[in-house]
Amino acid sequence: MADLIDWRAFGTNYRQKEIEQIVTWLREGRSGSVIGLAGSGKSNLLRYICHRPDVMEKLFKGESLHYILVPVDLNDIPDETPATFYRVLLRAIYERQANLPEPLQKKTNALYEMYRTTQDPFLAQSALRELLGYFQQNKTRLGLVFDRFDEFCEMATPYMINALRGLRDRYKGILVFIVGMRQEAAYLADPTILGELYEVIDNHICWVPMLSEADAQGMIDRELRGNMTLNDSERQFLLNLSGRFPSLLKSLIHWWPAVAAQNPALEPALIAALAHPPLKTRLREIEFGLSVAEINFLRELAKNNTSAIQNVNSLNRKSLWRSLKRKGICTPTGDPAICSNLVGAYFEQAGGRLRGPIWFDEETKQIFQGVHPLTGLQPLEQKVLAFMVGQPRARLTKNEIIEGAWPEPAQIKGVTDDSLYQTIASLRRKIEPSPSHPQFIVNWRGKPEGGYQLFPEGRPRSGN
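The sequence shown begins at 1 in our numbering and counts up one residue at a time.
Possibly wrong hints are sitting among the right ones.
[Said to hold, decoys possible] Taking lysine to aspartate or glutamate pairs in the EDC-like style, the calculated list, with each CA pair at most 16 Å apart, reads: (1) LYS17 <-> ASP6; (2) LYS383 <-> GLU348; (3) LYS430 <-> GLU381; (4) LYS172 <-> GLU196; (5) LYS17 <-> ASP190; (6) LYS325 <-> GLU287; (7) LYS447 <-> ASP190; (8) LYS383 <-> GLU403; (9) LYS17 <-> ASP215; (10) LYS250 <-> GLU223; (11) LYS250 <-> GLU213; (12) LYS318 <-> ASP335; (13) LYS139 <-> GLU102; (14) LYS172 <-> GLU28; (15) LYS250 <-> ASP215; (16) LYS139 <-> GLU287; (17) LYS172 <-> ASP190; (18) LYS383 <-> GLU408; (19) LYS303 <-> GLU348.
If you're looking for bench data, these hints aren't it; they were derived computationally from the structure.
Working from the sequences, and respecting the hints, build out all of it.
See below:
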């Protein structure tokens, strides 16, 4: 599949730190996840490593193995049949055959032409396995790159996931998966669908943060394409305003010419940027990728509310700051600070304070939300929440919650689903920012029964 972007314009040092991390995985034959918020440039990074074999070959210089990275679009599969699934993988390798050693080019071409129309899953699978065996013989390690893998998991059949896991296990020394996602695997609607593949992709994570100074300057040059020049102060203003977050910087570059024509002072332009619809959309996308706890932390940082920040216990404060640094929202060094002036202004003007993370205080034996103890809970609500707090993120079935929280006589008589539902609904009204769109206690569906899952930090909305 052709890519219309000229990847040569990105230079040979683009996203150098992140690419070096991925190269380490490939050298060691390990799979991993490339994770970044919406607009972080995650997809560009994955496409770059696939479309710049010249850059990757230099990084692998002197290796005994040859390496090939193949982008695979699992979100555009014509149907859900096993034969089609294997043919899509075979086609992806075929479309990148120009980057393969000559013997592998011939083998790839021959197998694809022979089985491109087969509807027999055994033949399609056999063709792919034969090709992977040939990769082994020719000492070529294959990296299949799956962008938007979290979206694929929402529609994938168990067979597809098992097929990927089976291929990876059978060809562990030669086949690796690089998957792109907006959130960690734990935030998938149903992480259990991954089975053993969960650990394969979750043990190694490359976060996609802000652009480096050089990459950000390169983006400005690429987007302007010589149509306009910016002086140093204007460039620095755009970098400070965006925090070098790719989607914000790109929108600002295209917004700036119209603003510059009016010769405004730079600082008032910040107010205008917050009202610009494309920028508001990018900011909301960032917010939707953050947990409730992270949003609260950013709001207090933006308002320079030192006392509120200090009220967050030390362990949680460090954890939140570390998470926001990985996501490219907070500065990587020094005291906690927001990278982007635009993001800071966005969270500063946000009305009200969201409810904080839910946690259990061992000393007082109370459940807290943020810095405040949760009072006003009915005895049964208290027991249900305490049971779930003790098993954060666990997918608890309805029966497990009933057995863990209900008084024993009630269990004997039987507790209806509606009784549990009413208790959960009442809890949500007391702990959720928006009870109709829960982020702390979320539903999960399973067979023969589903249940509920507690995210103490408040699951990001893009994880729904």
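Right, here's what the structure says about each hint:
{"no.": "1", "hint": "LYS17 <-> ASP6", "verdict": "21 Å, violated"}
{"no.": "2", "hint": "LYS383 <-> GLU348", "verdict": "36 Å, violated"}
{"no.": "3", "hint": "LYS430 <-> GLU381", "verdict": "10 Å, holds"}
{"no.": "4", "hint": "LYS172 <-> GLU196", "verdict": "14 Å, holds"}
{"no.": "5", "hint": "LYS17 <-> ASP190", "verdict": "31 Å, violated"}
{"no.": "6", "hint": "LYS325 <-> GLU287", "verdict": "15 Å, holds"}
{"no.": "7", "hint": "LYS447 <-> ASP190", "verdict": "12 Å, holds"}
{"no.": "8", "hint": "LYS383 <-> GLU403", "verdict": "11 Å, holds"}
{"no.": "9", "hint": "LYS17 <-> ASP215", "verdict": "12 Å, holds"}
{"no.": "10", "hint": "LYS250 <-> GLU223", "verdict": "7 Å, holds"}
{"no.": "11", "hint": "LYS250 <-> GLU213", "verdict": "14 Å, holds"}
{"no.": "12", "hint": "LYS318 <-> ASP335", "verdict": "11 Å, holds"}
{"no.": "13", "hint": "LYS139 <-> GLU102", "verdict": "13 Å, holds"}
{"no.": "14", "hint": "LYS172 <-> GLU28", "verdict": "11 Å, holds"}
{"no.": "15", "hint": "LYS250 <-> ASP215", "verdict": "12 Å, holds"}
{"no.": "16", "hint": "LYS139 <-> GLU287", "verdict": "45 Å, violated"}
{"no.": "17", "hint": "LYS172 <-> ASP190", "verdict": "25 Å, violated"}
{"no.": "18", "hint": "LYS383 <-> GLU408", "verdict": "13 Å, holds"}
{"no.": "19", "hint": "LYS303 <-> GLU348", "verdict": "6 Å, holds"}
When held up to the earlier numbered hints, the structure conflicts with 1, 2, 5, 16, 17 and fits the remainder.
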